[in-house]
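Respectively, the protein sequence lines represent chains A and B.
Taking numbering that gives the first Met the number 0, the leading residue of the first sequence gets 0, the next gets one more, and so forth.
Taking numbering that gives the first Met the number 0, the leading residue of the second sequence gets 0, the next gets one more, and so forth.
No lab work stands behind these hints, which were simulated from the structure alone.
Please read all numbers here as calculations on a predicted model, not as lab measurements.
Hints may be right or wrong, so weigh each one.
Since the list gives no way to pick out one identical chain from another, each pair is judged satisfied if it fits inside one copy or across any two copies.
Calculated cross-link-like contacts (lysine-lysine; reagent style DSBU-like; alpha-carbon spacing at most 35 Å) [stated by the list, open to error]:
hint, residue 1, residue 2
1, K43, K30
2, K189, K94
3, K72, K30
4, K94, K224
5, K159, K111
6, K224, K159
7, K111, K189
There are 2 protein chains.
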Amino acid sequence: MLLPGLLSGTKGVLSDLMELWFTENQTNDLKLSCRITRTLHREKTEFQDLAVVDTVEYGRMLVLDGAIQTTVKDEFVYHEMIAHVPMLAHPAPEKVLVIGGGDGGTVREILKHPGVREVTLVEIDRRVIEVSRDLLPETSCGLGDPRVNIRIEDGIKYVKETRRAYDVIIVDSSDPIGPAVGLFSYDFYKAVFEALADDGMFVAQTESPFLNQNLIRQVYADISKAFPVAKLYLAPVPTYPGGLWSFTAGSKVYDPAEPRDVGEKRPEDLETRYYTREVHRAAFVLPPFVAELLRP
Amino acid sequence: MLLPGLLSGTKGVLSDLMELWFTENQTNDLKLSCRITRTLHREKTEFQDLAVVDTVEYGRMLVLDGAIQTTVKDEFVYHEMIAHVPMLAHPAPEKVLVIGGGDGGTVREILKHPGVREVTLVEIDRRVIEVSRDLLPETSCGLGDPRVNIRIEDGIKYVKETRRAYDVIIVDSSDPIGPAVGLFSYDFYKAVFEALADDGMFVAQTESPFLNQNLIRQVYADISKAFPVAKLYLAPVPTYPGGLWSFTAGSKVYDPAEPRDVGEKRPEDLETRYYTREVHRAAFVLPPFVAELLRP
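Using the sequences and the hints given, assemble the complete structure.
In C-alpha cells, the structure reads:
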C-alpha cells in the first residue's frame, strides 16, 4: 500500500500518471466506472467481498460483491426515502426493525424521528458494520445511539421468530443474489406481516424499473398477496444501475403514500436533502411504464 | 466491416469470443460502458463526431462527440417530458420551434397534439437528421410529416432573426460544449423571449442536478432574468450522466407546472409511457438539494 505522502506532489495534488478505476458490472451488458484515489479496505468476509474505496466523483464508497452499496455523495436520497416514507406514513412508529443496512444510513434517518424508542438492526455480516463504523462515519453515525440494538444474525430467521413486535420494518438489502436472495420471496413477506404490529408497515428496496422489471413485477405481486395495501414508489440513485430506484411498501392499515401529521411529528421538522412532504407524495406518482408492471 | 452473417453461429447468436464496448466519459471521473454488437455508422461531420451503435442493454444509440444522445429503450422519458410539459401547460400551442433535436424524437411527441399546425426544426448538422432518418426510424418517424419544416442552420441565428412567432420553443440540445455552447447563455434566452408569442413558453434541457450544479444555478438565474416565470423540473434518463435530468422552463404568462385542459386537448388522450397529468405536476416537486440551487 502506498503512503498518502508518496502520492502527492508539492501541492498535495495527486498526479495523473496513474489512473485507478473501480468498475461495477451493473448488468452483463452495462458497466459504471468511477475514478478512485485509493482502496481503503478490501476483504473476503464470511459472506461476501467487502471493499471501501475513495472515488473522485461520489466520495467514499462501500462495495459488496462488486456492487456499489452506498456513496457519501448520493446516499442521502436512498436512505431518506427508504426511512422517512414509512416513518411518516405510519402515525406513531416507536419500534422499528431494519434488515440489512449495516452501513447505518437507514438507522441514522430513523433516529431523526423523536418518537422512536427502539431500532433493531439485524445485519448478517458483522464486518459490514465494523468497517462502516471505521471508514464511513457520516453514514454510520447513528449506530452507537442508545436506542439502537444491533444483532448479527440472519434477518430471515429473526423475522420468522418475531410476532407482532414492530411498527415499521425496513428491508435495506443488497441485490437478490448472494446473502440477500431470501429477502425477495413471498414466504419472507408473509413472515414480515406476522412480525409487524396490527397497524404496521414495511418497505423494501426493490431494484431498477428500467433494468429489473421482472423482479419488480414478482415482488409487487408477492407483497400484494401478503398485505392488504401494497404500493411502489421511486427515487433517483445515480450510482445504482439505471439511475432510478424502486421501493415497495406493504401495509396493514395506513396508506404508505400519505405523510401523516400526528402531534409534534411533521415532515417539515426533519433535516433532509431529498425528502419533503411533497416529495413523499410525488414519489408514488408512477409513469405508465412502471404502473403497468404492477397490473395483475 | 464484418457482415452480419459471419458474426452468427448456427443459431444466429453472436459468440462471446469478441467483446465490444462503447464507453462514454460522463465526467473526468465517471464512465458508462455499454456492450455493443456493432457500429452501424461513424463519421466526422462538419460539426461533430457522429456515431450510431447497437447496444445490448438500451438498443440502438445515437452518439455525438462521444456523448450518448438518445437510445431506443430510454428515449421516451426525455422526449415526452421535454415536449408534453410545455405543450400541455400552454393552452393552445399551434406553432412550435425545436432547436437541435435532429433525431426527431421531440418532433414526434409534439405531433401527437392535434392542435399543432406547424413545427419548425432548426438543426445545425444536416447529418444528424439524415443518419437518424436512416438508422433510428422509431425516433425520427415524424420528420416527414407535412406539418414539419426542417431548416439546416444555426439555431441561435434563427432565433435572433425571429419575432413573436412561436407559441412554444423547445431547446433540445447536446451538452454545453461544441456546437451547443451558445444555447446556454442569457443573450440566447433573451432572444428566445423575443421569438415567442405574447403568451409563449420555452423549455431547455439543462443537464444533471447531481453533476452539473453550477450550470443549473447559472441557467436558472439567466432564464429567471429573461422571463417573468421560470421553473425547473426533473425526469430520470438512465443513459445520461447521473441518471436524473433537469429541464428549465421560461414562460411569459402560463405556469409551466400546470397541465391545462382546453377544448379537446387533455393529457389523458396522449399515448405515452412516461408522461401523465400527475407525472407532469410531480416532476416540478423539487427535493431540497435541487431547490437550493435555484435560490438567488
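Here is how each hint holds up against the structure:
1. K43 x K30: both (22 Å within a copy, 27 Å between copies)
2. K189 x K94: Within one copy, since 19 Å is at most 35 Å while 56 Å is not.
3. K72 x K30: both (20 Å within a copy, 17 Å between copies)
4. K94 x K224: within (25 Å within a copy, 50 Å between copies)
5. K159 x K111: within (28 Å within a copy, 53 Å between copies)
6. K224 x K159: Within one copy, since 18 Å is at most 35 Å while 60 Å is not.
7. K111 x K189: within (29 Å within a copy, 45 Å between copies)
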